[in-house]
Amino acid sequence: MKIKVALIGNPNVGKSLIFNNLTGGRSHIGNWPGKTVEKKEGRCIYNGVEMEIIDLPGVYSLTAQSIDELIARDYIIEEKPDIVIDIADASNLERNLYLTLQLMELEVKLILVLNKMDIAENLGYNIDVEALSKKLGIPIVTTIATEGKGMDELKKIIAESIHREWKAKKISYGREIDELIFKFEKLIAVERQFSTKYPTRWLAIKILERDEDILKKIKKSRNLDEILKNIDESIKVLGDEPDVALAEKRYEWISSILPQVLKGIRPVTLSDMLDKVFLDKHLGIPIFLSLWWSLFRFTYDVSAPLSDLIDIFFNRLGDIVKEYISNEQLASFIADGILGGIGGVLVFLPSILFLFFGLSILEDSGYLARAAFVMDKLMYKLGLNGRSFIPILLGFGCNVPAIMATRTIKNEKDRVLTIVVNPLISCSARLPVYILIGGAVLGEYATAGVYSMYILGIVLAVSMALLFRRIIPFFKSGRTPFIMELPMYAKPILKTTVIHMWERGSLFLRKAGTIIFLGVISVWFLSTHPWGSPIEETYIAILGKILEPLFYPLGFDWRGAVALFFGFIAKEIVVGAFSIFFGFGGEGEEESLKQYIRTHKIFTPLTGYAFMAFTLTYIPCIATLGAIYRETGSWKWVLFTVTYELILAYTVAFTIVTAGHLLGFT
Amino acid sequence: MYMYRPSRIIPLAMLPEGVRGIIVKIIGGRGLVRRLTEMGFTPGIEVTVLKSSFQGPILAMIRGSRIVIGRGVAMKILVEVGG
Ligand SMILES: Nc1nc2c(ncn2[C@@H]2O[C@H](COP(=O)(O)OP(=O)(O)OP(=O)(O)O)[C@@H](O)[C@H]2O)c(=O)[nH]1
Ligand SMILES: [Mg+2]
Numbered sequence: 231m232k233i234k235v236a237l238i239g240n241p242n243v244g245k246s247l248i249f250n251n252l253t254g255g256r257s258h259i260g261n262w263p264g265k266t267v268e269k270k271e272g273r274c275i276y277n278g279v280e281m282e283i284i285d286l287p288g289v290y291s292l293t294a295q296s297i298d299e300l301i302a303r304d305y306i307i308e309e310k311p312d313i314v315i316d317i318a319d320a321s322n323l324e325r326n327l328y329l330t331l332q333l334m335e336l337e338v339k340l341i342l343v344l345n346k347m348d349i350a351e352n353l354g355y356n357i358d359v360e361a362l363s364k365k366l367g368i369p370i371v372t373t374i375a376t377e378g379k380g381m382d383e384l385k386k387i388i389a390e391s392i393h394r395e396w397k398a399k400k401i402s403y404g405r406e407i408d409e410l411i412f413k414f415e416k417l418i419a420v421e422r423q424f425s426t427k428y429p430t431r432w433l434a435i436k437i438l439e440r441d442e443d444i445l446k447k448i449k450k451s452r453n454l455d456e457i458l459k460n461i462d463e464s465i466k467v468l469g470d471e472p473d474v475a476l477a478e479k480r481y482e483w484i485s486s487i488l489p490q491v492l493k494g495i496r497p498v499t500l501s502d503m504l505d506k507v508f509l510d511k512h513l514g515i516p517i518f519l520s521l522w523w524s525l526f527r528f529t530y531d532v533s534a535p536l537s538d539l540i541d542i543f544f545n546r547l548g549d550i551v552k553e554y555i556s557n558e559q560l561a562s563f564i565a566d567g568i569l570g571g572i573g574g575v576l577v578f579l580p581s582i583l584f585l586f587f588g589l590s591i592l593e594d595s596g597y598l599a600r601a602a603f604v605m606d607k608l609m610y611k612l613g614l615n616g617r618s619f620i621p622i623l624l625g626f627g628c629n630v631p632a633i634m635a636t637r638t639i640k641n642e643k644d645r646v647l648t649i650v651v652n653p654l655i656s657c658s659a660r661l662p663v664y665i666l667i668g669g670a671v672l673g674e675y676a677t678a679g680v681y682s683m684y685i686l687g688i689v690l691a692v693s694m695a696l697l698f699r700r701i702i703p704f705f706k707s708g709r710t711p712f713i714m715e716l717p718m719y720a721k722p723i724l725k726t727t728v729i730h731m732w733e734r735g736s737l738f739l740r741k742a743g744t745i746i747f748l749g750v751i752s753v754w755f756l757s758t759h760p761w762g763s764p765i766e767e768t769y770i771a772i773l774g775k776i777l778e779p780l781f782y783p784l785g786f787d788w789r790g791a792v793a794l795f796f797g798f799i800a801k802e803i804v805v806g807a808f809s810i811f812f813g814f815g816g817e818g819e820e821e822s823l824k825q826y827i828r829t830h831k832i833f834t835p836l837t838g839y840a841f842m843a844f845t846l847t848y849i850p851c852i853a854t855l856g857a858i859y860r861e862t863g864s865w866k867w868v869l870f871t872v873t874y875e876l877i878l879a880y881t882v883a884f885t886i887v888t889a890g891h892l893l894g895f896t
Numbered sequence: 192m193y194m195y196r197p198s199r200i201i202p203l204a205m206l207p208e209g210v211r212g213i214i215v216k217i218i219g220g221r222g223l224v225r226r227l228t229e230m231g232f233t234p235g236i237e238v239t240v241l242k243s244s245f246q247g248p249i250l251a252m253i254r255g256s257r258i259v260i261g262r263g264v265a266m267k268i269l270v271e272v273g274g
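Protein chains in written order, with my numbering: chain D, 231 to 896; chain H, 192 to 274.
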């Protein structure tokens with residue numbers, strides 16, 4: 231028999247880490263609220279008992295306001311898992327128990343996990359687990375997910391629960407309210423359509439709270455008139471905000487038991503002190519910018535020598551192939567197409583790994599959430615709020631998860647706006663282009679040039695958001711309130727970081743083996759056929775010459791044009807295409823790709839820079855377009871994004887070239 | 192509740208850094224009030240402003256958790272100080 235086990239809890243309490251521990255899964259871990267935005271399934275076997283574990287997005291209550299919250303709520307309420315594991319942050323019991331009470335009312339088989347026991351201990355808290363378990367009437371397991379502690383106990387208790395029954399305590403809301411609840415309960419209990427599906431007391435409470443979702447369901451009731459009459463009456467007792475009144479009661483109940491189960495008061499923590507600096511009104515933004523600068527500097531500097539090694543390796547291998555394979559076409563396919571083209575992309579594996587290493591550290595340390603605070607003022611000017619800055623930062627890694635992260639944004643218009651500008655945020659796939667072109671033509675300003683692309687990305691995203699708000703009626707909207715819990719700072723965990731790097735690295739390799747491979751091999755084929763003709767007469771040159779006039783004003787020749795053309799599939803192909811065009815040169819000189827681009831004046835510093843900006847802006851890759859479609863549910867927004875980005879890319883590159891000319895650059 | 196204790200009632204946004212207030216009422220749409228209540232902002236509870244900046248968001252400590260609140264929202268949370 232397989233038992234379905236759902237993990238639920240407040241955001242950032244460690245649900246996904248526990249999920250990973252139990253199932254060996256790879257849910258995204260980080261130290262900020264709102265990472266998991268879809269449900270994820272995994273398997274775990276303990277003592278012959280098979281469990282299907284479901285990781286859910288974090289929620290503060292069972293009243294959903296955004297897409298991610300809806301996913302969690304619907305799963306728990308409608309799918310009815312066999313066991314519900316409520317994961318609570320032991321260092322923040324008071325707030326976490328609020329959700330626990332709501333789950334208790336759902337009358338599901340509930341187990342409470344107190345995670346982050348290490349932090350609770352460091353704060354000097356002393357939790358009487360047994361007493362708490364008695365008060366709630368549910369089993370409790372304490373865990374430290376980062377150290378894997380308590381996982382076996384958890385598995386054991388889940389496995390044993392098939393043979394056990396228990397009932398959570400009923401929370402009293404005081405006589406007056408309890409009576410009201412009872413009244414509704416009686417009305418519903420006689421209707422099987424409700425009473426067989428949901429616990430009647432829970433339904434009664436939801437009706438009392440005037441939960442929109444439940445009121446809709448109740449419309450089918452035979453006793454509707456009676457229920458509505460009672461609701462009107464309840465207003466006399468509860469006022470016009472009944473859900474608030476009940477929430478207060480729940481918190482009152484928690485406050486009443488807390489002193490009996492929890493000893494210790496929260497001291498001033500290192501987090502509080504660090505925030506004095508990181509969230510400072512004057513220092514906040516400069517600190518943000520310098521951290522970001524260090525991240526890119528680090529990525530660039532550490533990966534450069536490793537990339538050179540990989541480059542040498544592929545070059546040597548290519549030489550050997552050419553020497554030993556006599557069939558010229560086959561030799562060219564392997565040496566120039568595969569080793570040159572794909573190798574030219576793989577060279578950037580270290581850059582990508584270290585970029586994600588850095589991003590992972592920023593996430594795990596807890597800084598990411600601070601950046602949302604620091605940037606709120608700026609985002610406010612766009613009619614957005616700090617929360618929308620998180621997808622921007624995630625976009626530096628990859629736009630696809632970044633676009634998915636917008637699910638936590640409640641207002642639909644704000645969410646779509648955040649989605650359509652996200653592709654302007656420079657993802658890791660564009661980094662190889664910057665490093666190649668920047669390294670080739672910008673000389674000592676290369677790192678600054680690369681960094682400026684990231685800044686440009688943010689500036690463009692922000693400007694476009696502002697523009698769209700102004701001119702597109704759809705985006706006119708009120709303000710979404712900004713409320714976000716700030717996690718404590720934490721020491722990044724090497725294992726999490728390495729897993730994150732590995733995940734992204736293997737994703738990159740998989741991409742290199744599939745979509746990039748196809749793109750690069752197409753470029754190779756088109757640039758070597760008709761076989762034997764000089765490159766200017768190959769198919770690709772014919773295509774390039776058609777595109778060239780379009781790019782002439784920007785100073786890109788046909789090779790740049792073709793590279794961009796294929797880069798639509800995946801931006802790494804731009805680099806792959808260049809390695810094919812220039813990598814083998816054929817002149818027998820031992821010069822690197824960068825040197826070739828420089829010495830043969832493929833790009834001047836000015837046109838090179840414009841090319842980088844064009845690559846940044848011009849079109850989202852196929853995967854990102856797919857994500858835009860999935861998350862907005864409409865091709866309209868996909869088309870919109872492609873169109874505005876193409877126009878914008880051209881405008882930006884043209885402006886750079888024109889301004890450069892005026893300033894005397896060539 | 193605040194009738195017999197002479198003191199000032201101001202929006203949380205106006206509370207200076209490091210100062211404590213007692214929540215009196217949240218004014219605003221249903222969704223907002225509900226979300227804040229769920230996160231522990233209930234009347235009678237003490238809230239401390241840890242970080243505040245001119246026109247920016249504030250960082251508040253409530254029931255042991257640290258919550259960032261946009262200025263707009265912070266204007267809608269009324270707290271009682273002094274007294
Ligand atoms: N010190 C400590 N940190 C923990 C523990 N469990 C989880 N964490 C950290 O807490 C953070 C959040 O963990 P996740 O598993 O991503 O949390 P989540 O509940 O899935 O979060 P959302 O998906 O955003 O709702 C990570 O930085 C973890 O490393 C623990 O027992 N002790
Ligand atoms: Mg998660």
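Treat each hint with caution, since some may be false.
As the list claims (entries may be wrong) - In the DSS-like style, the derived pairs of lysine-lysine whose C-alpha atoms are separated by at most 30 Å in a straight line are:
| # | chain 1 | residue 1 | chain 2 | residue 2 |
| --- | --- | --- | --- | --- |
| 1 | D | K466 | H | K267 |
| 2 | H | K216 | D | K607 |
| 3 | H | K216 | D | K511 |
| 4 | D | K611 | H | K267 |
| 5 | H | K267 | D | K640 |
| 6 | D | K725 | D | K611 |
| 7 | D | K400 | H | K216 |
| 8 | H | K267 | D | K506 |
| 9 | H | K267 | D | K511 |
| 10 | H | K267 | D | K416 |
| 11 | H | K216 | D | K725 |
| 12 | D | K552 | H | K267 |
| 13 | H | K267 | D | K831 |
| 14 | D | K427 | D | K511 |
| 15 | D | K397 | H | K216 |
| 16 | D | K397 | H | K267 |
| 17 | D | K831 | H | K216 |
| 18 | D | K643 | H | K216 |
Stated by the list, open to error - Just a few of them, taken from the derived set where beta-carbon distance is under 7 Å, the chain H residues facing chain D:
| # | residue |
| --- | --- |
| 19 | G209 |
| 20 | R211 |
| 21 | V215 |
| 22 | L223 |
| 23 | V224 |
| 24 | T228 |
| 25 | E229 |
| 26 | K242 |
| 27 | P248 |
| 28 | G255 |
| 29 | S256 |
| 30 | G263 |
Keep in mind that the hints were calculated from the coordinates and are not lab data.
All residues carry an ideal CB built from backbone N, CA and C; glycine is no exception.
For a quick check of understanding: which of the numbered hints are violated here, in increasing order? 6, 10, 11, 12, 13, 14, 15, 16, 17, 19, 20, 21
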